[in-house]
Amino acid sequence: MLKQAIENLGNHTIQGVWRIGFASRFFLAVLLHSGTAFRRFGLTIREIYFTGVLSLIIILVSGLFVGMVLGLQGYETLQRYGSESALGTLVALSLVRELGPVLAGLLFASRAGSAITAEIGLMKATEQLSAMEMMAVDPIARVVAPRFWAGVISMPLLAALFSAMGIFGGYLVGVQLIGVDEGSFWSQMQGAVDFEQDILNGVIKSVVFGIAVTTIALFEGYDAPPTAEGVSGATTRTVVTSSLAVLALDFVLTAFMFRGLN
Amino acid sequence: MQNDNLVEIEDAVFGYGARPVLKGINLTAKRGQVVAIMGSSGCGKTTLLRLIGGQIKAGRGTVRVAGESLGELDRAGLYRLRRKMGMLFQFGALFTDMSVFDNVAFQLREHTDLPEDAIRDLVLMKLHAVGLRGAARMMPAELSGGMARRVALARAIALEPMLVMYDEPFAGLDPISLGVTGNLIRRLTDTLGLTSLVVTHDVQESLKIVDYVYFVSEGVIVAEGTADEIRASELPYVHQFVHGEADGPVPFHYPAPPYADDLQLGGQGA
Numbered sequence: 019m020l021k022q023a024i025e026n027l028g029n030h031t032i033q034g035v036w037r038i039g040f041a042s043r044f045f046l047a048v049l050l051h052s053g054t055a056f057r058r059f060g061l062t063i064r065e066i067y068f069t070g071v072l073s074l075i076i077i078l079v080s081g082l083f084v085g086m087v088l089g090l091q092g093y094e095t096l097q098r099y100g101s102e103s104a105l106g107t108l109v110a111l112s113l114v115r116e117l118g119p120v121l122a123g124l125l126f127a128s129r130a131g132s133a134i135t136a137e138i139g140l141m142k143a144t145e146q147l148s149a150m151e152m153m154a155v156d157p158i159a160r161v162v163a164p165r166f167w168a169g170v171i172s173m174p175l176l177a178a179l180f181s182a183m184g185i186f187g188g189y190l191v192g193v194q195l196i197g198v199d200e201g202s203f204w205s206q207m208q209g210a211v212d213f214e215q216d217i218l219n220g221v222i223k224s225v226v227f228g229i230a231v232t233t234i235a236l237f238e239g240y241d242a243p244p245t246a247e248g249v250s251g252a253t254t255r256t257v258v259t260s261s262l263a264v265l266a267l268d269f270v271l272t273a274f275m276f277r278g279l280n
Numbered sequence: 219m220q221n222d223n224l225v226e227i228e229d230a231v232f233g234y235g236a237r238p239v240l241k242g243i244n245l246t247a248k249r250g251q252v253v254a255i256m257g258s259s260g261c262g263k264t265t266l267l268r269l270i271g272g273q274i275k276a277g278r279g280t281v282r283v284a285g286e287s288l289g290e291l292d293r294a295g296l297y298r299l300r301r302k303m304g305m306l307f308q309f310g311a312l313f314t315d316m317s318v319f320d321n322v323a324f325q326l327r328e329h330t331d332l333p334e335d336a337i338r339d340l341v342l343m344k345l346h347a348v349g350l351r352g353a354a355r356m357m358p359a360e361l362s363g364g365m366a367r368r369v370a371l372a373r374a375i376a377l378e379p380m381l382v383m384y385d386e387p388f389a390g391l392d393p394i395s396l397g398v399t400g401n402l403i404r405r406l407t408d409t410l411g412l413t414s415l416v417v418t419h420d421v422q423e424s425l426k427i428v429d430y431v432y433f434v435s436e437g438v439i440v441a442e443g444t445a446d447e448i449r450a451s452e453l454p455y456v457h458q459f460v461h462g463e464a465d466g467p468v469p470f471h472y473p474a475p476p477y478a479d480d481l482q483l484g485g486q487g488a
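Residue numbers (this note's numbering), protein chains in the order written: chain X, 19 to 280; chain E, 219 to 488.
To be clear, the hints were calculated from the coordinates, so they are not data collected in a lab.
Straight-line C-alpha distance at most 20 Å; calculated DMTMM-like pairs for lysine to aspartate or glutamate: (1) E/K302 <-> E/E290; (2) E/K275 <-> X/E151; (3) E/K302 <-> E/D331; (4) E/K302 <-> X/D156; (5) E/K275 <-> X/E145; (6) E/K275 <-> E/E290; (7) E/K248 <-> E/D222; (8) E/K302 <-> E/D292; (9) E/K275 <-> X/D156; (10) E/K302 <-> X/E151; (11) E/K241 <-> E/E228; (12) E/K275 <-> E/E226; (13) E/K302 <-> E/E226; (14) E/K302 <-> E/E286; (15) E/K426 <-> E/D392.
Just a sample of chain X residues kept apart from chain E, beta carbon distances all over 12 Å, derived: (16) E25; (17) R37; (18) R43.
From the three backbone atoms N, C-alpha and C, an ideal C-beta is built for every residue, glycine too.
Please construct the entire structure, taking both the sequences and the accompanying hints into account.
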């Protein structure tokens, strides 16, 4: 019993280390074969449509509702201290620093990441990737790299749109519905949000999340067993792993970016 | 002087992990011939094709295509050689996000600088050769199994390769599609002067079109000969295979413990 448990633990550890090594090699191979993604930018544009443009609806609607909830909750808290005029600052900083990149990253993992894994996994299961190899076309360069760069380019744009829509949602609830002064809402926001500390750091976060989510999604698809069960399992792993990666990376990045700030 | 043999395999050994699949295969395919590789399911036929295509490497022995040893080629060399090969996968492996036209044009766009007008003409010629010029704008999901395989064949010959490999080209086809596919393989081999390697277990259809047959069983070649020699063969394995007998050298029952033991009848006897 104990021996079996130790064997299983060892086996899982070896498998885990092997997968991390394979994923690292895969990531390097994608970077090395990225020439095609830029030389034939049309391939990348097409993938930006599938990963970015088709994710717009869920990003915009979610951003709007998150902003509206922030407006309500923020007003409820701030008015206790007579600081409801700072609502714009609260909504903007929450979204630009944290909620925009993180929630957009989580939604991107669910919507685009799962789609990427399923597509690549099915291409593998139906031998489309092998067919490409046999036609002397490298699937990493032709299929994987354009999707990788499409994800990296789309993610910060989606996070920015999420934040913009969230701020609009906060404005709708705070100013239009509750009656916070419009001038205070915008001017306090303008005064408090720093380009480098807040917006740029948010953009850096979303780029890192884009790299992490897209790499995980591509790797899981490429490594998926070529069966229906294998592709289904890979898709689930993509959503779970990339969501956890987004949250963990957010903590690490936040710790580095905002340390020493008062 | 050009070697008469396009494909030469000498003593090739390959296994997945500890499980040996090919245990010393010797095989040649002459230029301009249709060569069939037959054997029961799981005997290593497809693995042999993957070996010739360079998708896997032999653990021992040599695999030569057009005089080049696949084991000694780097990735660039392998890709260069693959431009002279075509492969028809069992279910076509068409790119599902591209139309029939774009599937056939794929290699031309990837590997040549031909203008789009020339690509259009070439694609339509290839599709015409397989009888599917009228399906150029259709998507793979709209095609029947037989049509998908014909499109895949048009794609495989797009760059006019010297070798085309077919993985189970007759599997799951209706009698008409079966005849059409067999005739296409023979006709394209003769008219384009290429060499065809057909992995199949459809004996009757393939014996109509092939020049030479290899029988693979348990990782080794157990018989070979022309179609007539195979039909007349008295070798038990070949006889069982050609006549579709349920039992013989390939047993009906997968190895198992004694039936009575499995049914736990021991000790309860009369």
